[in-house]
Amino acid sequence: MLEKTLTAFITVLAGVSAALALYWVLNKISELLPEKYEERLKPWFYILPAYLAIAIFVIYPAVQTFIYSFKTKVGFPAESWTGFDNYTTLLASDAFRQTLLNTFLWILFVPAAVVILGLLVALLADRLPTKGENAVKTLIFMPMAISMVGAATVWGLVYDYRPPGRPQVGLLNGIVAAFGGDPIAWLQQNAFHFNSFLLMVMLLWMNVGFAMVLLSAAVKGVPSETLEAARIDGADERQVYVRVVLPQIKGTIVTVFITVLIGVMKVFDIVFVMTNGNFNTNIIGNEFYLQFFNNNNQGAAAAIAVMLMLAVIPIMIYQVRNFRAEEAAR
Amino acid sequence: MTTSVVPPVAEAAQPPKGKPGQEGGATGGAGWFTYLALGFIVLLWVVPTIGIVLTSFRTRDDAAASGWWELFLKPSGFADMTFENYQKAIQGTNLGEGFINSLAIALPATFIPILVAAFAAYAFAFMKFPGRDVLFVVVVGMLVVPSFVSFVPMLRIYRDLGIGGTFPAVWLFHLGFGMSLAIFMIRNYMATLPMTIIESAKIDGASHFQTFFRLVLPMSVPVLASFAIFQFLWVWNDLLVALVFLGPGENAPMTVSISQLLGQQGQNQELVTASGMFSMLLPIIVFLSLQRFFVRGLTAGAVKG
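Sequence order for the protein chains is W and F.
Reminder that position 285 of the first sequence reads as 285 in UniProt numbering, one-by-one numbering, no gaps.
Reminder that position 107 of the second sequence reads as 107 in UniProt numbering, one-by-one numbering, no gaps.
Because the hints were derived from the structure by calculation, they are not lab data.
Quick caveat, the model's predicted, so the values are computed rather than measured.
It is possible that part of the hints are untrue.
Computed list of chain F residues with no C-beta within reach of chain W, every gap over 12 Å [said to hold, decoys possible]:
id, residue
1, Asp-80
2, Phe-83
3, Glu-84
4, Gln-87
5, Lys-88
6, Ala-191
7, Leu-193
8, Pro-194
9, Ile-198
10, Met-219
11, Pro-222
12, Pro-283
Here are some of the chain W residues that sit facing chain F, going by a computed Cβ distance under 8 Å [what the hints assert, rightly or not]:
id, residue
13, Asn-27
14, Leu-124
15, Trp-155
Here are the simulated EDC-like cross-link-like pairs (lysine to aspartate or glutamate), alpha carbons at most 16 Å apart as the crow flies [claimed, not checked]:
id, chain 1, residue 1, chain 2, residue 2
16, F, Lys-74, F, Asp-62
17, W, Lys-28, W, Glu-39
18, F, Lys-88, F, Asp-61
19, F, Lys-128, W, Glu-38
20, F, Lys-128, F, Glu-199
21, F, Lys-202, W, Glu-39
22, W, Lys-71, W, Asp-85
23, W, Lys-250, W, Asp-236
24, F, Lys-128, W, Glu-39
25, F, Lys-202, W, Glu-35
26, F, Lys-202, W, Glu-38
Where is the CB? At the ideal position from N, CA and C, for every residue including glycine.
Work the whole structure out from these sequences, hints included.
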């Protein structure tokens, strides 16, 4: 244990000092150059390590993944081109289509539910005295800080199932038992994808706080004059919310929605830990892992990663456009 | 973009302006419906957590014999509570080692990107060079790239280099995928610093290197803290990257060990809950003490791939 701690600590120090040394050397090099070149080259030296990291760990592997998705048995002597086989095989399989359908359900349900619940809590908490408001917000927001694995240990205790006759220690089955019902294996109930929704609830639990914090800040930013004006004009409370508050926080709603959407597309941990995709709860992130490690099928894994990337590209374009518009407005 | 449109939560926590003498927010006071609805939601949020806290302190037999809520029906059960589960989890299931591993992964994976990104952000904010705007847009685009696109080739590259399964393999990966967010956040902050101060430092003969370390870096502490907390929690809570590059074994962080423990369906609820609680301890402390910085990081960073 002590040895491990020491090793870890020394590696930490070495890593950070290596990074520092790199800049010191780069700066020295630029200072040795004639002044004319120094000013011109310095910006490039400053951004070089950052862009090297992006190129090596993001861009180059992304291109490689794209290439791999058209190959079989990547890294083995029998590696060969297969055209679109990885894609067609995946898309032809019923299991993968179910995985896509599940992922689609997550995308459809979670971001919208997070925004609605987050807005609801933000609006309700806004009416409380400041102290109460902060307490409520902290409690709702807290799950955001923990890992999905941690969330799984929390919710495992809610969905836990023991065969009939044994004491039920899961909260839901405890409630069922209190009403005299038979215990239900919650995570195996696939009718109407019920078990997928149970897993989505975990992500809701973790993300509503995030939406609430952002939306609450936006609601407080709405000028009270506009609210008063609407009331004087005879608007009731519901109309004030729908016609005056909502339009003014639209930008934040979109931001929250997109942020959660991107998170949902990449969810892996919750499904991996809770069901590992069994009982028809599989989603694309987990399927990537299964193909990569369990099936040792790198070609299929690469194809899944490419599909995910393709799905993200519209969001990427939106983000860049949005950024450009805001920079222009500065 | 996400950062600039949203005021930090600190402002959100201030009482609303322009309504002196009235409790509650801009949209009215609290009635019974508000209290009822909020009470219900808070209960839904908190009850699962109460379950894990209580179960983690129950003896193995108690945890298997009855649900945690029965403690409230028979409060005598509270007397049997024990720290044994934590002891067992930390020693018996190598969670102590996992804790050290998690730290050894998360600390460098937090600090190295900050340094690298701060230099780049400085160049973007205070230097002029051809292609600057295009290069920064690349960063904005990279924000949403999912890490999935990188795993298959990187695993192979690491294997060829012989660093598969080591800490540096994971740090470097987090460096690559944390970089765009770090540059984005830090540059946006630096761009708000008064240009005149930097210019006068230049006139006084300070080099860029000096200006960076003596002036800009100290002035950027709030954003550095925000990014540090966000990135630290991100890496600390990460399962996927650790699973792919480290796997279960002597270098596995806590998330990986606990996911293994959860995989063994059995009677070990008391161990699972204690392990889960143990892994959440540090993030919760960080969260509660540095909430303000964390939120600012989140608002900028939740789009991260």
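Okay, the hints, checked on the actual structure:
For Asp-80 of chain F, the requirement that its beta carbon stay farther than 12 Å from each beta carbon of chain W is met, with the minimum near 16 Å. Residue-level check passed: Phe-83 of chain F sits 17 Å from the nearest beta carbon of chain W, beyond 12 Å. For Glu-84 of chain F, the condition that its CB be more than 12 Å from all CB atoms of chain W holds, with the nearest at approximately 18 Å. The Cβ of Gln-87 of chain F sits about 14 Å from the closest Cβ of chain W, beyond the 12 Å cut-off, so the non-interface label holds.
Chain W leaves Lys-88 of chain F outside its interface by the beta-carbon criterion, the shortest separation being 15 Å against a cut-off of 12 Å. Under the 12 Å C-beta cut-off, the non-interface status given to Ala-191 of chain F relative to chain W is violated; the minimum distance is some 8 Å. Against the 12 Å criterion, Leu-193 of chain F stays outside the reach of chain W, whose nearest CB is about 14 Å from its own CB. Here Pro-194 of chain F stays apart from chain W, with its beta-carbon at least about 15 Å from theirs, past the 12 Å limit.
Every CB of chain W lies more than 12 Å from the CB of Ile-198 of chain F, the least distance being 14 Å, so the non-interface label holds. No Cβ of chain W comes within 12 Å of the Cβ of Met-219 of chain F; the nearest lies about 17 Å off, and the non-interface call holds. Non-interface status of Pro-222 of chain F relative to chain W is upheld: no Cβ of that chain comes within 12 Å, the nearest being about 17 Å off. The Cβ of Pro-283 of chain F does not lie farther than 12 Å from every Cβ of chain W; its closest approach is about 4 Å, which violates its non-interface assignment.
Because the beta carbon of Asn-27 of chain W sits about 5 Å from the nearest beta carbon in chain F, less than 8 Å, this interface hint is met. With 8 Å as the threshold, the beta carbon of Leu-124 of chain W comes within range of chain F, its nearest partner Cβ sitting at about 5 Å, so the hint holds. Residue-level restraint check for Trp-155 of chain W holds (minimum Cβ-Cβ distance to chain F is 6 Å; threshold 8 Å). This hinted pair checks out: Lys-74 of chain F and Asp-62 of chain F have alpha carbons roughly 12 Å apart, not beyond 16 Å.
Between Lys-28 of chain W and Glu-39 of chain W the CA atoms are separated by roughly 13 Å; this keeps the pair inside 16 Å, and the hint holds. Annotation: proposed proximity of Lys-88 of chain F to Asp-61 of chain F holds, straight-line Cα distance about 15 Å (limit 16 Å). For a cut-off of 16 Å, the pair hint linking Lys-128 of chain F to Glu-38 of chain W stands: about 13 Å separates their Cα positions. Restraint check for Lys-128 of chain F and Glu-199 of chain F: the C-alpha separation of about 13 Å stays at or below 16 Å, so the hint holds.
The straight-line distance between the Cα atoms of Lys-202 of chain F and Glu-39 of chain W is roughly 12 Å, inside the 16 Å bound, and the hint therefore holds. The suggested pairing of Lys-71 of chain W with Asp-85 of chain W holds, with an alpha-carbon distance near 8 Å, which does not exceed 16 Å. Taken as a hint, the Lys-250 of chain W and Asp-236 of chain W pair is broken in the structure, with Cα atoms around 21 Å apart against an allowance of 16 Å. Between the alpha carbons of Lys-128 of chain F and Glu-39 of chain W the distance comes to roughly 10 Å, so the proposed pair stays at or under 16 Å and holds.
A threshold of 16 Å between alpha carbons decides the hint, and for Lys-202 of chain F with Glu-35 of chain W the separation of about 15 Å falls inside it, so the pair holds. Distance check on the hinted pair: Lys-202 of chain F and Glu-38 of chain W sit about 15 Å apart at the alpha-carbon level, within 16 Å; holds.
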